[in-house]
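The chain contents come next:
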Amino acid sequence: MLTETPSSGLADVTRDDAALRRFLHGLPGVDQVGAEARAQGLATRSIKTTAKAWAIDMSIAMVDLTTLEGSDTPGKVRSLCAKAMRPDAGAPPVAAVCVYPDLVATAVAELRGGAVQVASVATAFPSGRSSLATKLYDVRDAVAAGAGEVDMVIDRGAFLAGRYQQVFDEIVATKAECGGAHLKVILETGELATLDNVRRASWLALLAGGDFIKTSTGKVSPAATPPVALVMLEAVRDFAAVTGQRRGVKLAGGIRAAKEAVRYLVMVNEVAGEEWLTPALFRFGASSLLNDLLLQRHKLATGAYDGPDYVTVD
Amino acid sequence: MSKVFEYAPAPESREIARLRPSYQIFVNGEFRDGSAEPVKTINPADETPLAEVAEAGPADVDDAIRAARRAYDGPWSKLSGAERGKYLFRIARAVQERARELAVLESLDNGKPIRESRDVDIPLAAAHFFYYAGWADKLEHAGFGPAPRPLGVAGQIIPWNFPLLMAAWKIAPALACGNTVVLKPAETTPLTALVLAEIIAEADLPPGVVNVLAGGPSVGQGLVEHDGVDKIAFTGSTEVGKGIQRALAARDVKLTLELGGKAANIVFDDAPVDQAVEGIVNGIFFNQGQVCCAGSRLLVQESVADEVVDSLKRRLTTLRVGDPLDKNTDVGAINSAAQLARVRELTESGTEEGAVRWSPPCELPDRGYWFAPTVFTGVSQAHRIAREEIFGPVLSVLTFRTPDEAVLKANNTAYGLSAGVWTEKGSRILAMAARLRAGVVWANTFNKFDPAAPFGGYKESGFGREGGRHGLEAYLDV
Amino acid sequence: MSEQHPGDHATSSRLEVRKTYKLYIGGAFPRSESGRSYPVSSSRGKLLAHAAQASRKDVRDAVRAARSALPGWSGATAYNRGQVLYRVAELLEGRRAQFSDEVAAAEGLSAPKARAAVDAAIDRWVHYAGWTDKFAQVTGATDPVAGPYFTFSLPEPTGVVGVLAPQDSSLLGLVSVVAPVLATGNTAVVIASQDRPLPAVSLTEVLATSDVPGGVLNLLSGFTAELAPWLAAHRDVNALDLTGAAPAARADLRAAAAETVKRVYVPRATDWSAAPDLSRLRAFTEVKTVWHPIGV
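Protein chains in written order, with the numbering used here: chain A, 6 to 319; chain B, -9 to 468; chain C, 67 to 362.
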């Protein structure tokens, strides 16, 4: 099970493919029904008034405001950056903007001097189906353009075929390309299909040096779901218990409502622990979520239900 | 409790319970005062009085049984099963309509968290009525012969741990099979049963078909001793159950008993740990451990004992103990001072006998009956806390080495109500399930209940089953 | 084989070898540890034999034997139990004449009536042999619970059953109470009819030569009123069949049974010639419900 290997910590488990497989397959299984029940139970927490206000503002501060469309233009990105820095009167800035590599420079220029980070997807996002050389070049590009955070995708084909060492090596190589930028590893949990795989992929990414594990590209459904988030939060919790290192979790894809975001914060609080309740260790990758958070923020302040005319479209 | 993310109080509104200053007993279709002195029922969370409740005396017991007999001989036996079923469907629907009111009332009277009464107790109670409603006109297909007959008048005595749910478990199958009923709710938790009586009256059930007598042990005794009953159904402690079985020895009154337990929750080295921890927590802290089928013994494989216990302790630090009406409360109050005293006494014995006691830090309110979730490690089979039913939020942790040893220890008790098994290995799940001498085996889950699933014990946990097709047998002359 | 009686100065030329009627415990035929025996007479008062008069220690030993035999018997497949029980019927068939004589003498029946009772007993045994691998299908179920769980309920044997055999019907009644106990996987300690124990003892000879493992059925002859209370109070007996108890004795036996919450079966009608319903099969089984989540 989950005990540290006797002498040299976790280095031993990554020494070869066989060792890696034994470790990953030796992790405790996840009972799907039980995990779903726990996630559902956590969702019954009632977060009102001051707690809700705190959670909404924290959620805003945890948003990676994202645009990843083929039709993105510098104009779109500039608009997004303005919103990111000042979502609304009195609201905190978001954690980061997230764009394709060729729009990183635009974002950096727009955000320069502010607290909002620039995150770039890379490694042939979203499919990851390119040669390693191409994928690393993609990273180099993004970092050179000024990205402070890189969101890579793992090779799901390799993972599902059991080539864990290959997946591991690619993450390690990508991390090396990042230089000072922090690396988020997108597992694409919808394609991994089982919670057991989510646990294994999470550990694989953490062992390989990922600073964050991230659920999804947002291009595949299902994306972030409560049971998946539960398993990933358990992984970073257990990883920290073994290594003393706290790594982060980013949930991306399909989170549109403030209510969901608050529920995820409850989950972070009760599963990983309050140390993870910071943008340094927890993010929401989202676009429309921000506006719903702002609408809820308005309601808390005014007491009345709000309407879309009172938040900006971008 | 978290300093970073403080959940603000989220109280459910007490007004929803529509609490009245007084409640009356229900005999022959009418609410009336009892012939004994009324008592005050109190809120165990803060010891404040909730309402005055009429108490039945011997005259009321006699009236109720006679009313049930008249109803049985008269209108009730003339109804077809289909008609009986429709009454039960009405009751089920009405319980659903008044679900929120009943949930708040239950939490006030019992002390259990509103989340449990709202999400478990009340929905299951409605489901029980709904399930048995459908059997009423299908008894010839139930496997008891072409025309199984009811027994007659059933005296039913229920405990305080799931007041409305236990009332549903008793009344629904009895009526479905064509019996009439005199129900005695527990002394400390009469309110939801008396509101159920209102629902039953509104459903226009013929007078006397269901009678509800609030009162203490003497009322229960009166029911058992009355020669007008054809059947007694009892849920409660093993000690009282044996007393009832003895008391009925000279008579041909059919009896079913659902008594205590000391269930083993068995965790193997390949268990899905996080879900097993949830199962352990649910097993012993759901309803403050005041559950006959509570997983009060954790039998953990020695090779993973430290890890599982560490995970468990970490998990327990997120349990919220407090106001039952707060929607975020996980663990509520103990039902009475008497029960709290029992829990304390047994817990003290754990320390005296050498086990190691641990509780997560939690602030208990000064008023009310409260006990912090407690885990004992270093427990051995001979300790009192491993043998006696505590009926509180106290877990005893023991270890085992092999599947055989787990079975041996799990079965090494006079009880036999339930057991839990946690392992990823399918063949082991089935082998353990076959060998555990318990009426309910939960594998990779715990504390799951459903009206379609029979529930009941082996050995001194009682006999007879409630739920499912098997639950009909208790109320038929077969 | 005609029976001869001690005071009978018949003209038959050969002295019969008289049978010693012993107890049957753990597959062996011991005398009572108390050394006692008692005379058994025919319905007309003629002495038939002396049977062992069992004591409370014999009850104790029998219960121990029944408990030891339980894991093997209840753990055998239903098919195996059915085959074993059927073989008993085969052997009974072979001894039809012997049993007819014994039943006729015990109950005072005419030869044709005794034969009919024996035939019915054999057929009854066959009937129960055929139930072993079907009862679970008739009473078991998968329970359609409102959640992602596979939940099933099955009957399991209660354990060790103490049976007071009918006082009057020395073979057909005996078989009718014993066969359902065994068919459902239980083991039994049977107290034979006090006045008519001899066919029961002969039945144990059949069992001893069959494939029924020792201890699955144990038979004690003796005084019901003396033995039943020990059985009823024994804490390692799971259930009681009070068919052969005197009505006046039932109350005390049931009170004793309450000490360990024994399941107590008291029958109503005892028309042994009628086709049995399922009540005796149900009486000594426990329903176990198992839940498991359904997920990937």
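For the record, the hints were derived by calculation from the structure and aren't laboratory data.
Keep in mind that a hint or two might mislead.
To be verified - Derived pair list, reagent style BS3-like, types lysine-lysine, alpha-carbon separation capped at 25 Å:
| no. | chain 1 | residue 1 | chain 2 | residue 2 |
| --- | --- | --- | --- | --- |
| 1 | A | K53 | B | K128 |
| 2 | B | K438 | B | K(-7) |
| 3 | B | K128 | B | K317 |
| 4 | C | K179 | C | K200 |
| 5 | B | K128 | A | K264 |
| 6 | B | K(-7) | A | K53 |
| 7 | A | K81 | A | K53 |
| 8 | A | K224 | A | K180 |
| 9 | C | K85 | B | K128 |
| 10 | B | K128 | A | K304 |
| 11 | B | K317 | A | K264 |
To be verified - Over the 10 Å line for every Cβ pair with chain B, so calculated as not near, a few chain C residues:
| no. | residue |
| --- | --- |
| 12 | Q149 |
| 13 | Y215 |
| 14 | V362 |
Since the model is a prediction, treat every value here as computed from it, not as a measurement.
Note that the Cβ used here is the ideal one computed from N, Cα and C, for glycine as well.
Status of each hint after checking the structure:
Distance hint between K53 of chain A and K128 of chain B is unfulfilled; the C-alpha atoms sit about 49 Å from each other, more than 25 Å. The suggested pairing of K438 of chain B with K(-7) of chain B is violated, with an alpha-carbon distance near 34 Å, which exceeds 25 Å. Distance restraint check for K128 of chain B and K317 of chain B: the Cα-Cα separation of roughly 41 Å exceeds the 25 Å cut-off, and the hinted pair is therefore not satisfied. For a cut-off of 25 Å, the pair hint linking K179 of chain C to K200 of chain C is broken: about 32 Å separates their Cα positions.
For the hint linking K128 of chain B to K264 of chain A, the alpha-carbon distance of about 46 Å lies beyond 25 Å, and the restraint is violated. With a C-alpha separation of about 16 Å, the suggested pair K(-7) of chain B and K53 of chain A falls inside the 25 Å cut-off, and the hint holds. Taking the CA atoms of K81 of chain A and K53 of chain A, the gap is near 35 Å; set against the 25 Å cutoff, the hint is violated. Under the criterion of a C-alpha separation no larger than 25 Å, the hint pairing K224 of chain A with K180 of chain A is consistent with the structure, at around 23 Å.
Distance check on the hinted pair: K85 of chain C and K128 of chain B sit about 55 Å apart at the alpha-carbon level, beyond 25 Å; violated. For the suggested pair K128 of chain B and K304 of chain A, the alpha carbons sit about 54 Å apart, so the restraint of at most 25 Å is broken. Under the criterion of a C-alpha separation no larger than 25 Å, the hint pairing K317 of chain B with K264 of chain A is consistent with the structure, at around 16 Å. In this structure Q149 of chain C is separated from chain B by more than 10 Å, as the shortest Cβ-Cβ distance comes to about 21 Å.
Residue-level check failed: Y215 of chain C sits 6 Å from the nearest beta carbon of chain B, not beyond 10 Å. Non-interface call for V362 of chain C relative to chain B: holds, since the shortest CB-CB distance, roughly 13 Å, exceeds 10 Å.
The structure is inconsistent with the numbered hints 1, 2, 3, 4, 5, 7, 9, 10, 13, although it conforms to all the rest.
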